[in-house]
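One letter stands for each residue in the lines below.
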Amino acid sequence: MTKGNTDSITIHVDGRSVQADPQRNLLESCLSLGFDLPYFCWHPAMGSVGACRQCAVKQFKDESDQAGRIVMACMTPSAEGTRISIEDSEAREFRASVIEWLMLNHPHDCPVCDEGGECHLQDMTVMTGHVSRRYRESKRTYRNQDLGPFVTHEMNRCIQCYRCVRFYRDIAGGEDLNVFGSRDRLYFGRMTDGTLESEFSGNLVEVCPTGVFTDKTLSRHYARKWDMQSTPSICSHCSVGCNVHLSERAGIMRRVTNRYHSRINGYFLCDRGRFGYEYVNHPQRLRRPAVRASRENSVSLIPLMPAEALAQLGVRLAQKKRIVGVGSPRASLESNYALRTLVGGEHFFSGMSEVEHHHASLILRVLKGGPAPSWSVQEVEQADAALILGEDLGHTAPRLALALRQSVRNQPMEQLERLNIPRWQDSAVRTALHGQKGPLYIGTVAGTSLDDVATRTFRGAPNDIARLGCAVAHKIYPDSPKSSELSLSEADLIREIAEALASAKRPVVVAGTGTGEAWVIKAAANVAWALRRRGVAAGIAFALQECNTLGVALLDGRSLDRTATTGADRNRDAMIILENDLRRRLEKPTLDRWLEQFDPVIVIDHVDEAVPDHADFVFPAAPIACSDGTLVNNEGCAQRFFSAMPKEPDVEESWRWIRDIARHASRDSFQSMSNWNRLEDIHDAIAGEFPLLRRIGETAPPAPFRIWDQKIPRAPHRFSGRTALPMLETIHEPQPPDDPESPLAFSMEGTPRQPPSPLIPFFWASRWNSNEAVNKFQDEIGGPLRNENPGVRLFDAQSRRVIPFFENAPPRCDRRNNQLLLVPIPRLFGAEELSARSSAIRERIPQAAVVLNPRDADRLGVRKGHAIDITAPGLVRRLPVETDETMAGGVAGLLVVGDGAYVTLPAWVTLRRAPST
Amino acid sequence: MNDDRPLTGQIRRHGPPPTLSEYEDCGGYAPVRTMLSHMTPEDVQQEVMNSNLRGRGGAGFPTGQKWSFVPMGADAPRPKYLVVNADEMEPGSFKDRLLLEGHPHRLIEGIIIAAYAIQAECAYVFVRWAYHPSVIALGRAIREARETGLLGHNLLGSGFSLTVHVHTSAGRYICGEETALLNALEGHPVIPRSKPPYPQVCGLWGKPTIVQNVETVCNLPHILAHGAKWFRNLGKGKDAGTKLYAVSGRVKQPGVWELPIGTSMREILEHHAGGMQEGYAFRAMQPGGGSTGFLTEDHLDLAMDFDSLSSVGSRLGTGTAIVLDDRTCPVGFVRNLEHFFAQESCGWCTPCRDGLPWVERLLADIDNGNGRPQDVEILERHVTLLGPGRTYCAHAPGAMEPLKSALRYFRSDFDRHIHDQRCPWKSQGTEA
Amino acid sequence: MSRDEKIRSMLTEEEKGMIDEELSHYPTTRAGGIEALKIVQRRRGWISDDLLLAVAHHVGMAPAELDRSATFYNLIFRRPIGRHVVLVCDSVSCWLMGADRLRDRLRHRLGVGAGETTADGRFTVLPNVCLGACDRAPAVMIDETLHGPLTEDELDRLLDSQMP
Ligand SMILES: Cc1cc2nc3c(=O)[nH]c(=O)nc-3n(C[C@H](O)[C@H](O)[C@H](O)COP(=O)(O)O)c2cc1C
Ligand code: SF4
Ligand code: FES
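Residue numbers (numbering that gives the first Met the number 0), protein chains in the order written: chain A, 0 to 916; chain B, 0 to 431; chain C, 0 to 163.
Mixed in with the good hints there might be a few duds.
Unchecked claim - Covered by chain A, per the in silico footprint, the following chain B stretches (three or more residues, Cβ under 8 angstroms):
1) 20-28
2) 340-350
3) 375-385
As the list claims (entries may be wrong) - Below, in silico cross-link-like pairs of lysine-lysine (DSS-like), each with a Cα-Cα straight-line distance of 27 angstroms or less:
4) A:K587 / A:K504
5) B:K425 / B:K251
6) A:K367 / A:K215
7) A:K863 / C:K5
8) A:K436 / B:K194
9) A:K504 / A:K481
10) A:K436 / B:K206
11) B:K206 / B:K194
12) A:K215 / A:K138
13) C:K37 / C:K15
14) B:K194 / A:K60
15) B:K251 / B:K235
Hints listed in this document are in silico derivations from the structure and should not be mistaken for laboratory results. No residue lacks a Cβ here, since even glycine has one placed at the ideal position from N, Cα and C.
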C-alpha cells in the first residue's frame, strides 16, 4: 500500500482534531495516530475486507449528530471532516461483543499454545475488555492436519479472520490452502493432510492472529517471546537481504521472524529465510580450532586451544613467502576485507567460481555505470510492467518473486480512481479488477511459480532467452544491437513485450545468475537501458547467488577457476579459505589438485562439511547469525547484522581470526590491522580504500551508541521472574554477557525507548505483545519505520548517462546432434548451503535429478525415475530422470540441490540411459 | 390478457404452462415485438421508471432507478448481463415458483425487455436447486423462444441479440443475496461483495449487471403492453401493480394469489386463505417471509405495501405471510427461524457467523426449559448487535427482525418458559 | 497406472461432454465447476476426493478451490449417500404443520437420524431448508420429486413404493 502525496486532511476522533491522510481508511488513520483500535481481518499489506467487524467505531454525520452510526473503521475512508468516536459506549460494546463471539468456540488453551504471550487475539481481547464468559453451550472441535515440516496446525483456535487464505491464495498465489465449509463450521487448511506447497507458507505463522498456524521448528525448542533474546539481523540465505529477527535462548537459535523493512521485505519472508536458521544449532558445527600435525597417512585434525592453534600456525607461516586468500560471498564484507588486507589485493580471490565471479562483476558494472536504477523489492512491487529474463525467482530470490506477483495488479488498479474505489479496499478492488493483470513476461528454461500471473511466457535455452531480450531492447530503442534470425512468432512476441514495457510508467526488468549465462544479464541491461533512452522510468533488479555476492564482488578479488585450473606454480604457498565450501565452486578433481599445492591450508568456517581433506588448520568462525557485520544485497544496499548470541568460547568472527593470524605470522599487513578492535575500525579502513563503500559505517549506529546512556535490550522487559532469562543454567542472576560490539545488550535491562531502525531487536509495545506491534514502530501504517535507516544504497543510477549497449547478441542456440544443453535449475531448498543444514529444510530438499522435457526423454528412451548418465568434458554423473512438460526442448536441467556439479554449466552434454542394474 | 391478474391470469393451476403459441394467441410477445421495432432502450427505461415498479425480491428498490445506473451507449463496457434471481429460499416464500413453473414465457418476455432496456446480451436465470419442474419448464420455453427467433442472434431482425442460460444452484440461502449470487454464478467463493462497486457498474465478471427478482421481471411485459399509468393504477395505495401474496400456516387454504398491491392482510387471510383452521386462532404473522418482523391482530387492516409495513416496524419482504396460531409456541417458532438463519450464514462476518448460533442455542435452551433470566437480555442485545450496518450483508439483520418483534410481542411467553423451566405448549415430560 | 492417470481417466466421455456443454454457457470455466460436480453426482451419487480431483482437472481449477465451493453448498455430497435422498423440510411453515412428526416417523421406520444413511444403503435422510412448498406443508422431497402435504402414513406409503 503506497502513500499518496495528497495533502493531509482533518478528522475528529473523540473530539480531538487530528491530521490524517485521505488515501487511508479510518483504521489506518487511527493506528497511525497512535489510537489503539482492535482489528483482525485487516492487514497492512493485504488491505480491508470488513469480515471480522472488530474495528467498529461510531461515525457522526456532523457536529449536531448525536446518535451516529456504527461503521467499520477499516471500510470507511478518512475524509475531510470525518467525525468518529472510538470511546463511544455503543462502539465499545460492539467491539467487546465481537471478541465474545470469537471466543465462543475458542479453546482458551493459551498456556499450552505457542502463540501465548505474543498473540494478537490475546492483545485484542484485553484491549476490548471482554473478560467473562456467558456462553454455556458446548464448543465445536476440529481435527488438525499435518502440514509438513514448517507449520503446525491447530484449527480449534481459529477465529475465522480469513487472513491465512487471503495471504496464501491472494498474495502468495498458493493453491493448496483454502477454507472449506460455511457458517460457523469453517475449516482453514488443505483438502487433505500434506506439506504446504507455497514457498511462503511460514508467513501464516505471523499472519494468523492466533495459534492456528505456528512455527513447527520453534516448537521443537520452544521458548516464550519474553524468554528469548532477539536481535536484528539480515537473512543470509539469498541475495535479497530481507531483514529478520533472530531469537535465541540458552545458546540455541529458536526461530526467525520477519523484521519489517519498508523497502525490502515489508511484512513477509520466504520459507528458506524463516526456517533455514537451524544450521546455527547443527551438532557438527565447528566450535573449536583444530590442527593437523602432518599430511602423512591421513592424520586427523586435533582440537586445540585457540592460542595454541594460532601459535602453531604462526610458526608454520613464518617461513612462508605468500598467503593466498579465498574470500566468500556468504561471509561479511568486513571478514572478506580483512582477508584481502592480510593477503594483499593480488592474492585475494573472491571465492566465487569463474562463472559466478564474472556474473557478479557484470551485474556490478550494470548497476554502477548504467542509467537504469537498481530497484529494491518494494520498488519492483510498484512496477506496472515487468520482464523476467532467465531467472526462476521463486527459487533464487523468492521475496522478489512475491513482489512481482503483486506488481501485476498495478496497471489494472489505475481504473480504481474512476470507479471511486480506494486501493486499501481489498474486497472491492478484487471485485472491480476481476483478475485483470498487467503485463508480466517471463522467459525461462522451465515453468516458474509466477507463470500463473504472466501475460505470456516463453521457453528456451538461456541463450535464446537472451537473444529474445536483445531483440526486445532493439525494438524499444533501435541503437540497441539487433538479434539475428527471428522467427515470425518470436517477432510478434517481441513487439508485444516491447510495446508493453515502453508504454508503462514504471517497468522493471529482472534477471539474475540462476541460468549461468552471462548474456541473460546483458540482455536485461540492454532492455532497461533502451527503455531509459526512450525516456521511460524503468528499473532493473538482479537475483544473485548469495547474501554477500555483490559485497565480495566490490572488493576486486579474482575468480577461482583460472588459477585453479591452470595449476599455476604456487611454490607451496599458504592458503586461507574463508567461510567457503569450495566443493560447491570447483569440480572435485580440480579442487583436489589445486589444494594439493598449498601448505598449510587454513580454513575459517563454521560448516564442517566445508572443510576439505587437505585442511591443516581449522578456525571456528561465528556464522552471520552469531556475529556482527555488513552485507550488500542484490540491490546494492549495505545492511548491518548483529550477533544474536553471546560470544561462545573459542569461536570468533572470521575477521578476528584473520587479524590474529596476521599478528601471529608477523605479516607486514598486520600493521594496518593492529588497531582493529571493532567493526567501526574496519569500516574506516574500507571507506579509505573503496570510494563506493565510503558510507559503509552509516548502516547502523556505532557500538558506543546509547539512548539516554542505556544500551538496547535484546529481551523484552518483564515485570516478574527477572532471573528467569538464564534460568536453564542458573537461577542466580549472573552478570549478563557483554556485547562490546554493538549498542545492543544481552539483557532485559536497558532503554525502553524505540531504537533507531537497524537496532530494533523485536516488535513489542505496551498492549501490543504480538508482532502486530510493528504498527507502533511506524509513523504511518505500512510506511517506513520511525526514523528508518534503510541501509546504505551504494549505487545511484546515472540516469542521464549514455553508455554503450552490450554488443554481439548471441546467435540462436542450435541443437546439437545427440547432445543437450545442460543448464542449472536452482532449487529453493537445497541450492543454498547453510539452510540446507537445517533439519526442517532438509525434509524439503528434492532429490538430485536431471529434468527433461517428455519429448526429449522419449527421444533418449528414458522415463521418469530411470537413471541417466551425463558426460561432458570434466563431468561424469549418473542421476535419476525427472520429466517436466514446461521444460524447454533441447535443454536438460540439472537440479541444483547441494553439490557443485553445476559450476561449469551451461554445457553441452551427452545423455545416455544408464544400463539397468 | 386477464387485466386484473396480469401475472398469473394465464397460469393453469393444474396443467402445463402455456406454450409459446398459446401465449402468443393471448397477446404474448406482442410487447416485445413492438418494443424491438418502435422503442429505444431509453424509452423502455423511462416507461419502467414511470410505472413505479418496485423490486419484488424483498428490498423494494425501484426497478427503473436501478437500471439508470447501468452505463449506456457505445462506450459502455460489454458484455452486460441481466441476472434473474430465482433462488427463492426464504422460509415461507413460494411465489416465484408459481411464475417459473406456471408461465415461463412471461418471464422470458420480461427478460427480453429488461435486457433490451440495459442492452444486455446475456442473461442468466439463477434457479434454486429444488425447483426441478421450473428448470424443465424454463428450458422448454427458452428452446421454443430461440426457435422462433425471440432469443439468440439478432432478435426478430432488430439487431439486438440475447442469449439466456439457466443456472441451477446447489443450495444455500445466501446465494439469493444479489452480490453473493454473482460470486456463485462465477464459481467464486459465495460471499457477498462489498459495494461499491455496484453490480450495475461492475457486476458479473466485472461487467455491468442488473439482478432482478422473477416477479419483478414478470411485470415488465404488461407494463409495456398497457403503459405505466395503467400499471400504477393496478395498485391500491401508493405502490403500483399487482403483487403475489401468499399465506402458509394453519389456515384453511394455504396458497398464493395475485392481488392489487396494497390489499389488506385481513382480506388476504380471510378471503383468500379462508381464515384459520378449525380449532386454531390467529396470534401473529410474518407478512413477507421468514426475515420480516411479526405483526399482530392489530395490524391486520394495514395495506400490504412497502411503506405501510415499514411504518409499523416490519417489511413487505416477499409478500408471503406465515401465520402463527395460538396452539404453536412462539419461542419454538423463532427458534426454528433462527436455526435457519444460523445455518445459512455464509460464515464471512463474525456477528452473523457466531452470533446467530448463539441466539439459536439460547432459544433452544429457553424452548427446552433450560433458559435463564439473563438469556432474554442477551437476545435483546443481539437484536441491536446484529442490526443493519454491523454485519457485512443483510442476512443477519434480516434474522433479527423476527426476533426483535417476538421479544416485543411475546415477551411474556419467553418469561414464562424461563420461569416455569418448560414450554407451556409441550405436554410435561416431552421435549422437542 | 499412477494416481494422476487414474484420476484423469475417471470421468466418462459422456460426463465430459455434458460438462463441456455446461461450461460453454460461461466466459470462464470455473463458473461451471459446481454444475460439473452436479453432473457427476447425479450419476455417481456422491463426490469422492478422486472425483473432485478429476472434475477440478477437467474444468481447470485448483482442487482446493473447487472443494471450497463443494463444501460450501449443502447439496454437493462429499460423503457416500444412499440410493435415495430424502430431504425433509425443516423450515418454519412445515414445522408449523408438523414436520417434526414426519422426522420422527422417518427415524422410527428407517432407524436413522438426520444426516444418516440406512444400513441397506437405500435412503439418506437430510434436513433441508424451506423447499418452497409452504402451501403443501409439511413437505418432503425424495430425490427430485416434491411430496406434500404429507401425513406420517402417507410418508410410509411413499417409502414403501417401488423405489429400488
Ligand atoms: C440473505 C438474502 C437472501 C436473498 N434471497 C433472495 C432470493 O432468494 N430471491 C430474490 O429475488 N431476492 C433475494 N434477496 C434480495 C436480493 O439481494 C436482491 O435485492 C433482489 O434480487 C433484487 O431484485 P428486485 O429488485 O427485483 O427485488 C435476498 C437478499 C438477502 C440479503
Ligand atoms: S451477514 Fe455476514 S456472515 Fe451473514 S451472510 Fe451476510 S456476510 Fe455472511
Ligand atoms: S479489521 Fe475492520 S472488519 Fe476486520
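Structure-based check of all given hints:
no.	hint	verdict
1	20-28	violated (count 0)
2	340-350	holds (count 10)
3	375-385	holds (count 3)
4	A:K587 / A:K504	violated (49 angstroms)
5	B:K425 / B:K251	holds (24 angstroms)
6	A:K367 / A:K215	violated (42 angstroms)
7	A:K863 / C:K5	holds (17 angstroms)
8	A:K436 / B:K194	holds (22 angstroms)
9	A:K504 / A:K481	holds (25 angstroms)
10	A:K436 / B:K206	holds (16 angstroms)
11	B:K206 / B:K194	holds (14 angstroms)
12	A:K215 / A:K138	holds (26 angstroms)
13	C:K37 / C:K15	holds (12 angstroms)
14	B:K194 / A:K60	holds (20 angstroms)
15	B:K251 / B:K235	holds (26 angstroms)
Hints 1, 4 and 6 from the earlier list are contradicted by this structure; the remaining hints agree with it.
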